[in-house]
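**Q** Sequence:
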Amino acid sequence: MPHNVLVTGAAGYIGGSVVADILSRTDESLKEINVFAAARSQDQVDKISKLERVHAFLVDLQDKPAVEYAIAKYEIDIQSSVASMFTEEGGWPFGKVKDSDPLIDRQRELGLDNPVRKTNIVLADEGKAQGVETFNIPIQLTYGRGTGECRKLSVNIPALIRTSIKLKTVHKFDRDSTPGNVHISDLTDLYILILSKILKEEPIAVGTDRYFFSIAHRISWWKIMDKIAEGLYARGLVGEPTPKIWPNYDVAADALGFPRKFIRPMCMPNGDLEPANGAGLGWRPKQDSEQKCLDQIEQEIKDVEELDTVRMGLFDTLIAEQKQ
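Going by my numbering, the first residue of the sequence shown is number 257, and it counts up by one from there.
Think of the hints as simulated: they come from the structure by calculation, not from any bench.
Don't take every hint at face value.
Within a straight-line C-alpha distance of at most 25 Å, the following computed DSS-like cross-link-like pairs (lysine-lysine) qualify [what the hints assert, rightly or not]:
{"id": "1", "residue 1": "542", "residue 2": "483"}
{"id": "2", "residue 1": "558", "residue 2": "483"}
{"id": "3", "residue 1": "456", "residue 2": "384"}
{"id": "4", "residue 1": "548", "residue 2": "479"}
{"id": "5", "residue 1": "500", "residue 2": "422"}
{"id": "6", "residue 1": "374", "residue 2": "517"}
{"id": "7", "residue 1": "424", "residue 2": "483"}
{"id": "8", "residue 1": "548", "residue 2": "558"}
{"id": "9", "residue 1": "517", "residue 2": "422"}
{"id": "10", "residue 1": "287", "residue 2": "303"}
{"id": "11", "residue 1": "424", "residue 2": "558"}
{"id": "12", "residue 1": "287", "residue 2": "456"}
{"id": "13", "residue 1": "479", "residue 2": "422"}
{"id": "14", "residue 1": "306", "residue 2": "287"}
{"id": "15", "residue 1": "500", "residue 2": "479"}
{"id": "16", "residue 1": "374", "residue 2": "384"}
{"id": "17", "residue 1": "542", "residue 2": "453"}
{"id": "18", "residue 1": "483", "residue 2": "548"}
{"id": "19", "residue 1": "483", "residue 2": "500"}
{"id": "20", "residue 1": "424", "residue 2": "479"}
{"id": "21", "residue 1": "479", "residue 2": "542"}
{"id": "22", "residue 1": "500", "residue 2": "517"}
{"id": "23", "residue 1": "303", "residue 2": "558"}
{"id": "24", "residue 1": "453", "residue 2": "354"}
{"id": "25", "residue 1": "354", "residue 2": "384"}
{"id": "26", "residue 1": "483", "residue 2": "422"}
{"id": "27", "residue 1": "542", "residue 2": "558"}
{"id": "28", "residue 1": "542", "residue 2": "287"}
{"id": "29", "residue 1": "479", "residue 2": "558"}
{"id": "30", "residue 1": "517", "residue 2": "352"}
{"id": "31", "residue 1": "453", "residue 2": "384"}
{"id": "32", "residue 1": "542", "residue 2": "354"}
{"id": "33", "residue 1": "352", "residue 2": "374"}
Whole structure, please, built from the sequences with the hints as guidance.
**A** This is the structure:
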């Protein structure tokens, strides 16, 4: 009997790439599934509907009953979260953290003031109450061209390239940071690995909270900015071949289109996150070093020049709240 798999955010960078990866696989368990793809606009639905085995439908995220109805028909939820919430910059006071730790209880101790933690807790609790098995993949700094039908650019690095071109100057923050890093193809590999084991009814023995830190390696933000400056200067798009320091965090947030409240965890995270659960399932990232990421910054610049036509509304609500 074919399985039905719901992919929310199917027009987004990660969701769209997950759909494309599912469709590219030849494993029998994945070839037989029906993909239900939730999107936020009719234009997105029309594009995604052209794919074989994909049933795209429109969901208004502000319509709570519609969202609940869409999700209630499924027994598995693989959720994307934000890894920087487990760093000091994101308000994490517990130091080193493994994805095999009791992360829901730790987040519950910190309260619900942070929207990411609140979502993590509410989904875990609601999943348990409804008998839905939940998995959580906190997203690291992700790079590489997406393979979905709609958005093909990630958030952070393209925003830095886009803003540098607009300001004709590359900026960096006043101190370096070394976030966890993952290529989009390695990230979707992790999603597909988990999904495949679920479909085959193979055990996923990774503790009760089912978190997976998708860290392939760490990388220096300053080295990324140096490579961006080098590439943009060679194109004549910025005036100097080296980055300048942002005057302050609010100026940086406004220029990048990021919420001021979260600019530090978004652009300056460090943290001591230790991935264990993915490796335990057999996840082996191919883009597994800082140098491999730096070697692709030139391609990131080309992708922004070619593909930066879709407006990103990911942070509209948070930015609107800071103006009130």
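**Q** If a hint holds in the structure, say so; if it doesn't, say that too.
**A** Against the structure, the hints come out as follows:
no.	hint	in the structure
1	542 <-> 483	21 Å, holds
2	558 <-> 483	13 Å, holds
3	456 <-> 384	22 Å, holds
4	548 <-> 479	12 Å, holds
5	500 <-> 422	15 Å, holds
6	374 <-> 517	16 Å, holds
7	424 <-> 483	15 Å, holds
8	548 <-> 558	17 Å, holds
9	517 <-> 422	23 Å, holds
10	287 <-> 303	21 Å, holds
11	424 <-> 558	17 Å, holds
12	287 <-> 456	12 Å, holds
13	479 <-> 422	21 Å, holds
14	306 <-> 287	17 Å, holds
15	500 <-> 479	13 Å, holds
16	374 <-> 384	15 Å, holds
17	542 <-> 453	20 Å, holds
18	483 <-> 548	13 Å, holds
19	483 <-> 500	13 Å, holds
20	424 <-> 479	19 Å, holds
21	479 <-> 542	21 Å, holds
22	500 <-> 517	22 Å, holds
23	303 <-> 558	24 Å, holds
24	453 <-> 354	22 Å, holds
25	354 <-> 384	22 Å, holds
26	483 <-> 422	17 Å, holds
27	542 <-> 558	22 Å, holds
28	542 <-> 287	24 Å, holds
29	479 <-> 558	18 Å, holds
30	517 <-> 352	23 Å, holds
31	453 <-> 384	20 Å, holds
32	542 <-> 354	22 Å, holds
33	352 <-> 374	21 Å, holds
Checked against the numbered hints above, the structure breaks none of them.
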